[in-house]
Amino acid sequence: MNYFTRLDGVEREFRFERRGGQLLAHCGDRTHVLELSMVGDGTAFSLLIDGRSHDLVLELEDGGSVVQLRGERLRVEVLDERERAAAAVAGSRAAGPQQICAVMPGVVVEVNVAAGDQVEEGQTVVVLEAMKMQNPLQAEGPGVVSKVAVSKGQAVAGGEVLLEIEAPDEEPA
Amino acid sequence: MNYFTRLDGVEREFRFERRGGQLLAHCGDRTHVLELSMVGDGTAFSLLIDGRSHDLVLELEDGGSVVQLRGERLRVEVLDERERAAAAVAGSRAAGPQQICAVMPGVVVEVNVAAGDQVEEGQTVVVLEAMKMQNPLQAEGPGVVSKVAVSKGQAVAGGEVLLEIEAPDEEPA
Amino acid sequence: MTAAPKPPLFRRLLVANRGEIALRVMRTAQELGIETVAVYSDADRNALHVRRATHSARLGPPPPAESYLRVDKILEVAAQFECDAVHPGYGFLSEKEEFAQACADAEIALIGPSPNAIRLMGDKVAARRVADEAGVPLVPGLKDEVKDPAELAGKAKEIGFPVMLKAAAGGGGKGIRIVEREADLIPAMEMARNEARGAFGDDRVYLEKYVEQPRHVEIQIMADSHGKVVHYGERECSVQRRHQKLVEESPCAVLTPELRAEMGEAACRLAAAVDYRGAGTVEFLYSKGQFYFLEMNTRLQVEHPVTEMCYGVDLVREQIRVAAGLEAMDPPTPHGHAIEVRINAEEPDTFFPSLGTISRLNMPGGPGVRIDSALYRGLEVTPHYDSMLAKVVVHAGDREQAIARATRALRELRVIGVSTSAPVAIAALASDPFRTGDYDTSLLQHQQRQVPEEVLEVASLAAAVAKFRGAERLGNASAAAAAGTPLSPWTMIDRLERLGGRLR
Amino acid sequence: MTAAPKPPLFRRLLVANRGEIALRVMRTAQELGIETVAVYSDADRNALHVRRATHSARLGPPPPAESYLRVDKILEVAAQFECDAVHPGYGFLSEKEEFAQACADAEIALIGPSPNAIRLMGDKVAARRVADEAGVPLVPGLKDEVKDPAELAGKAKEIGFPVMLKAAAGGGGKGIRIVEREADLIPAMEMARNEARGAFGDDRVYLEKYVEQPRHVEIQIMADSHGKVVHYGERECSVQRRHQKLVEESPCAVLTPELRAEMGEAACRLAAAVDYRGAGTVEFLYSKGQFYFLEMNTRLQVEHPVTEMCYGVDLVREQIRVAAGLEAMDPPTPHGHAIEVRINAEEPDTFFPSLGTISRLNMPGGPGVRIDSALYRGLEVTPHYDSMLAKVVVHAGDREQAIARATRALRELRVIGVSTSAPVAIAALASDPFRTGDYDTSLLQHQQRQVPEEVLEVASLAAAVAKFRGAERLGNASAAAAAGTPLSPWTMIDRLERLGGRLR
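Residue numbers (the numbering used here), protein chains in the order written: chain A, 1 to 173; chain B, 1 to 173; chain C, 1 to 504; chain D, 1 to 504.
Note that these hints are calculated values from the structure, not bench results.
This one's a predicted model, so the numbers in the text were calculated from it and none came from an experiment.
Any given hint might turn out to be false.
Stated by the list, open to error - Below, in silico cross-link-like pairs of lysine-lysine (DSS-like), each with a Cα-Cα straight-line distance of 27 Å or less: (1) 155/C / 73/C; (2) 157/C / 73/C; (3) 147/D / 152/B; (4) 147/D / 209/D; (5) 147/D / 228/D; (6) 152/A / 157/C.
What the hints assert, rightly or not - Residues from chain C that keep clear of chain D, each with C-beta distances beyond 10 Å, as calculated: (7) 106; (8) 199; (9) 288.
No residue lacks a Cβ here, since even glycine has one placed at the ideal position from N, Cα and C.
Same shape as in the complex, but just chain A (with noise of 0.2 Å):
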């Protein structure tokens, strides 16, 4: 069994095997010999890959983990070749549209625009204050703003959708 990872865009295909006590790792042309222990409560590992040391924390996620390692918190894709067959024969292009969301509970202070609107990518699109600060959201892409679900002065939640923005159908020129 094969197992694909995604992470900042690039597939990774790994290969595990048990070969005499030993835990080893193919990825491409090179083996690396594996020893992976648990420290604590079950979220915190050191891997040792070829003895060089890995001190990281894991969390498991639907399709794959948010791994810490150094300072970075890393969210990976995981797949096994069955769930990558399956995901490639649903996988039409199901992308809706952009999403405009709360990253953490605060206040609407701004909407700066309007259903109907034309957006530049970056653009700011709303204001929302948190921690004592005014964060701008931007839009992550051009495109028309299909729906405002806020308004100025109201309380968001967490991960709350602010507004959506439809992709041009064609690339402009």
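Model the placement of chains B, C and D on the given structure of chain A, informed by the hints.
Chains B, C and D alone, transformed into the frame defined by chain A:
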């Protein structure tokens, strides 16, 4: 319901009461306002007694708690009224022989007494080697060795009874 | 306790703050034999400052306006516990004239300056006027607030873009906006006013020249009640994101002894001009051999530990001593180099606050490392307060060693449960401008942080092997699991690992 | 990383040790850009030194003889990872001539002295001879081992009781027995020989005068390969229980500048006499203005951080520098006062080792506090190794402040899962002899530690209210619990509190 604690040979009596949203503790003629809050996973507590702040860890055991407070680790016996009454009824002199136990896993390097020997308080009866140190174990009171359960060179587990000493029947003159 | 100790300088000190600074102040109080009283909002019932204090008292619900900003409640607690002194920390009431006045009225010693000094320096327009009179150089700008948009635009053009808009009541980088073009001036002004009104309850905003390639260099001063003012050299605080300091160091890599003396004297002159007492910081913009007065913070700064490490002093102890009427100590000769890194609960790439519960924690240690932290396992990071949770401060023989030490310490840090700013600081310390010392306040804006390739590979491999181990264990354990609801591989791995510990 | 860094002094350093000292060494190596290789026994697979190293390799089962003392395995790992240097830490192989020789044969730089210096100073009988020749004062005693009981008894009477029996291969207080009366001499000798054989594989024991009211004062030296020997003043290590140091400080409260210079020069003379290289410590007994050579430890000491804090230096960095052939730095001027407290897993009243798993941990922090610790949540404290788990080291402007700071720091410490020696240290710091500086190595024997009455009362109340709350919750929840196995009140309180958090 009153609660009786025993610590370092001193018995204390407490009564608790809820009044007007407050938790009160009565102890003798003193009354204290308590505020108890759990920190994290249920063994650490912040206890305010009339606003005086105490940061403690409380591990529950049979018949009481081990309380850790300001660097000290104290075993407190706690009985409620009913338990205390029951204990008083059952409470004959069930005091068995003095037991010399291994305080930790180790190796017996010396047994200085044999069954039938008279020992004095403070006399070293066994020497146990553990953690690179020779630990002399002493009789806690005078008596006669009634049982020697180990011999020199024997490895013992933590808590294992090494020998037993019967107290003299009468107080010596 | 039997060797007769000297009577403490105060009997009981109320610390009108929370988080790491409340703990910081209590530590010195304890060392001085002074009892401490913590105050807390409901969000902080289990906070370390509450648990470590001698006494603790509730103020109210989590919002600061209902708890840490409640002057009446705080003075009520002070009276209840018979406190003879109050330390305001930084933020909250530390620069509120009303609070200083209320303490004076209640005959409780405030560990800080007089209400008048707070008022003069707290109003940025007034502060510039006083500084100007004391011969402290200013950034070209307006000494008065201008509300009329047309007049404002005219003045801005006169000074020349880029210009800055600063809240009169702001501080610590809060309430500042840079305007690059005339077209953005009026909307920016409105946003700055709104923000200032929300944050400080005072919407006055003033205009000044935006100095290019500016460095933020500040002088630590200490003044006693006998008119003596001393300074403890400078701190360089140019590593900022969103106008908030992230990394501070002392000494500043580019300051000459002559400039240091000149700035130190200017800072002392300003303090003397307002009959200052206690610890204060005079912030300057430094650019190409010139320095300009920015503002004076009439309180302890977040970054005071870098000064403490270089001078081997305890500035809170000095604050308490001068508040008790003792003479300010002459600063010892500084040695070595110190760097402070703030650990904020925030996403490293967006700088957005990160909320959550701390599930795991490992703080750095070893030679030359000092930790000032409010973190504990189980702490819930809420949106009510500042995102700064801890400070990692290092000291070493020289700047190069201090950078290496700070980097090493940050690599040891584990804060699990929220994201932190630590990776940003690691990248900043490793950057060419920082290493050479040739940097300014734009350092982090230009920084392209990249996760090292090896980290990406190891994270991928770790995630894959965890899934493999889960499937493997599930296979091995499938017979045993038999009936009942099916377990996910993740549940299985978790349960089985708890039993085993070692996986091979 | 783009600013061209200097090439590191070594490429890859194997740390042949465990626990806090392995971490300590790795920290400096990391700061110097040197990769590290950890070695571990099966008991230490998850230890911090393994997780923090660049590379890690297994040695064998937990007993030291099968892991950390296996010279062959360690050199095999060094070869496998192409290490060009080895740091032995303290204990284990740090003072084994064979190891130093094996490193030399394998052409791997040992961060330590030559095999010859280790041999000369490691044999206490030979060491006394060398010291005598170098004009370093000795305690009256026998320069050679005496095995014949009758001769031993005669010599002991000549010197005068009390006398001491010391293992030739011992150190760090291990393998020492005091004999008060002639009758106890022969049994004590046998016990000392047994212990020495078990601990060091060498049963030679020698006799000397037991100096009354002795203080243990030691000089830190550093020697380079060009014949330069410098010293970093003294450490006072008289707070001992069972002949093991518990609290150390620098400077010594009673040493005059003249005596300090005299002792420092004597220590440097001894080092020069054996062509010493690296860090070393010359231990003296000090009593009433006189000092006597005790032994030389040819390695880094546990208590080296007090020197580092006073001098603002990194002694491991200096060790590595001189091992790489660089000139020993001239020690800077020391300032302030430092105190180290060892945190051992042991029962505070009996000093017996305490075993268990660390379930909770909170280390002290704030100004002037340094933590060197191998502790982590989940650590199992086993009987295989030394009981010392961490060191709390403080620095302050003067001795009085340092005592207050150390006490404050120890009060912040929480190590849950094992008992620790911290309460003993708190009591020692508070004792009259320590506060006045007028103490000797018997301090802890005379110490009557008493748990404060308030602590006993609060513990009792806390235990009682926990039981009350359990019963109360059980009452409230009895309907909900309904069927099923009956829950103990303790289970109930635990479950319910998890949901609630706050109890009122």
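Here's how the hints hold up against the structure:
Our distance criterion of 27 Å between C-alpha atoms is broken by residue 155/C and residue 73/C, whose separation comes to about 44 Å. With a C-alpha separation of about 48 Å, the suggested pair residue 157/C and residue 73/C falls outside the 27 Å cut-off, and the hint is violated. Taking the CA atoms of residue 147/D and residue 152/B, the gap is about 24 Å. The hint holds against a cut of 27 Å. The suggested pairing of residue 147/D with residue 209/D holds, with an alpha-carbon distance near 17 Å, which does not exceed 27 Å.
A distance of roughly 40 Å separates the Cα atoms of residue 147/D and residue 228/D; the hinted pair therefore is violated under the 27 Å criterion. About 32 Å separates the Cα atoms of residue 152/A and residue 157/C, which puts this hinted pair outside 27 Å; it is violated. Here residue 106/C stays apart from chain D, with its beta-carbon at least about 28 Å from theirs, past the 10 Å limit. The beta carbon of residue 199/C is kept farther than 10 Å from every beta carbon of chain D, the shortest such distance being approximately 29 Å.
Listed as outside the interface, residue 288/C is consistent with that label: its C-beta sits roughly 22 Å from the nearest C-beta of chain D, beyond the 10 Å cut-off.
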